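A.B. asks: The whole structure should be built from the sequences, with the hints applied where relevant.
For reference, the chains in residue letters:
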Amino acid sequence: MNKTISAAEAVSKIQNHQTIMVGGFGVPGTPFILIDALLSQGTCHLTLIKNEANISGMGVSKLVEKGRIDRIITSHLGLNKTVLDMMNRKEVAVEFNPQGILAERIRCGGAGLLGFVTDIGIDTILRENKQVITINGVTGILETALRADVALIHAARGDSLGNLCYEKSARNFNPSMATAAKIVVAEVEELVPDGTLAPDSIHTPGAFVDHVVRIDELTAEYSILEDYVVG
Amino acid sequence: MSLDRKNKIAKRAEQEISDGQVINLGIGIPTLILSYLDAQKAVTVHSENGILGMGAHCGLEEADRNLIDAGGGYVRLENGGAYCDSVLSFSLVRGGRLDIAFLGALQISAAGDLANWMIPGKYSPGIGGGMELAQKARRVVVTTFHNHKGGDPKIVAECTMPLTAKSCVTRIITELAVIDIVEGQLHLKEIAVETSIDEVVSKTGGPLVFNENTVKRF
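For the record, the sequence lines run as chains F and P. Per the numbering used here, the first sequence starts with residue 5, numbered consecutively. Per the numbering used here, the second sequence starts with residue 9, numbered consecutively.
Derived from the structure by calculation, the hints contain no laboratory data. Some clues are possibly wrong.
Covered stretches of chain P (in silico footprint by chain F; criterion: 3 or more residues with CB under 8 Å from a CB of chain F, positions within the stretch not fixed) [said to hold, decoys possible]:
| no. | region |
| --- | --- |
| 1 | 54-63 |
| 2 | 88-95 |
| 3 | 98-104 |
| 4 | 138-150 |
| 5 | 170-179 |
In this text the structure is predicted, and so the values were computed from the model without any measurement. Where is the CB? At the ideal position from N, CA and C, for every residue including glycine.
C.D. replies: Shown next as structure tokens:
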């Protein structure tokens, strides 16, 4: 079985009004080539689940700036003034989650669970409009699981079976998102022959992945952001 | 040469760290603490985006496009460091394995309540990892300027801004003072050599408990 397809074919699975998950935390792990293909396709009225919205003019920010995203479920937009301004002008709806709660909601969705109870945020405005449950004397918030129609993720290496290895801090949300969508598309920097990834080193087994897109050449967006070099 | 305000705070904050601890450094002043870390202390720095054993920021020549801290700066990995995904990264935080979280603040109350993520109508960039760090680290040390630009106190009797977490802060380190929070009271423990107890009292928005004879200088 060969799961490799082109970026354009992969994003053709995404339709208007669907929910997408996009991996990455900053540049590391963001699937810029799949995002560009989605941008070219013109799909709109999407709900986006991503840790942040990249920075102005990059990655998913381009989808938001072009008005393709109706709603963002995220953790932090502090590095993207353009999207924050759009949020403040109510051009895009934003739901903020504590970062690990966002990750856990995705993990839950991927694990076939409906939700979980946590005391994170119990003394804050996050409690508003959420179901509160007491377990063994501790009061917590019911957080619901998140799933998507399509997950777009990035890996350093993969094979045609969809087995994936991530690199360094580019792992972040990619492995959990790979479990939590009806269709999972992974772009890989290096497509290696089947059977050459050490089985113990595979982060996401291919059974979770529907389509693999080989990156022919990394675009400029994958490069070092010189403005963020502070050392 | 005397240190600027940020570095003075960072240098003092380093003394909070013990050998063998797992710590998290928030964005801004906390990040500077790494520059002062005593090489004799074996410390594991956690970064929310899935790094344990994070090293200092590095320059362009060493920068790796796949290795950043939670604020986007390029970093090194220390020997023995490890990577994990976001789920495991926050299991470490919520599971109580983090010894100290150094965090910034908009307001800290006498009860140890922390507000650091939102000014309604003005500033709302999102929560990030701060709520989980504040609520679940074994110890929360706030490193911040003593006052807002314009002079309003950050250390107050009660927070008026939306809370990050209740009763979580145990120590506040500013460019002027080290203040402990014990049973709902602000205890002045140390003041900077450049200041006086009177100045610290006048710039603090809640009552300070202290004994003039035992307040140390830093």
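A.B. asks: Now tell me, hint by hint, if it's right for this structure.
C.D. replies: For each hint, the structure was consulted:
With a cut-off of 8 Å between beta carbons, the region 54-63 of chain P has 5 residues touching chain F; three or more are needed, and the interface restraint holds. Proximity of the region 88-95 of chain P to chain F, defined as three or more residues with a beta carbon under 8 Å from a beta carbon of that chain, is established by the 5 residues found. With a threshold of 8 Å between beta carbons, the proposed coverage of the region 98-104 of chain P by chain F holds, since 4 of its residues qualify and at least three are required. Judged by the Cβ-Cβ criterion of 8 Å, the region 138-150 of chain P is covered by chain F as claimed, because 5 of its residues qualify and three suffice.
With 5 residues bearing a CB less than 8 Å from a CB of chain F, the region 170-179 of chain P meets the requirement of three and the coverage assertion stands.
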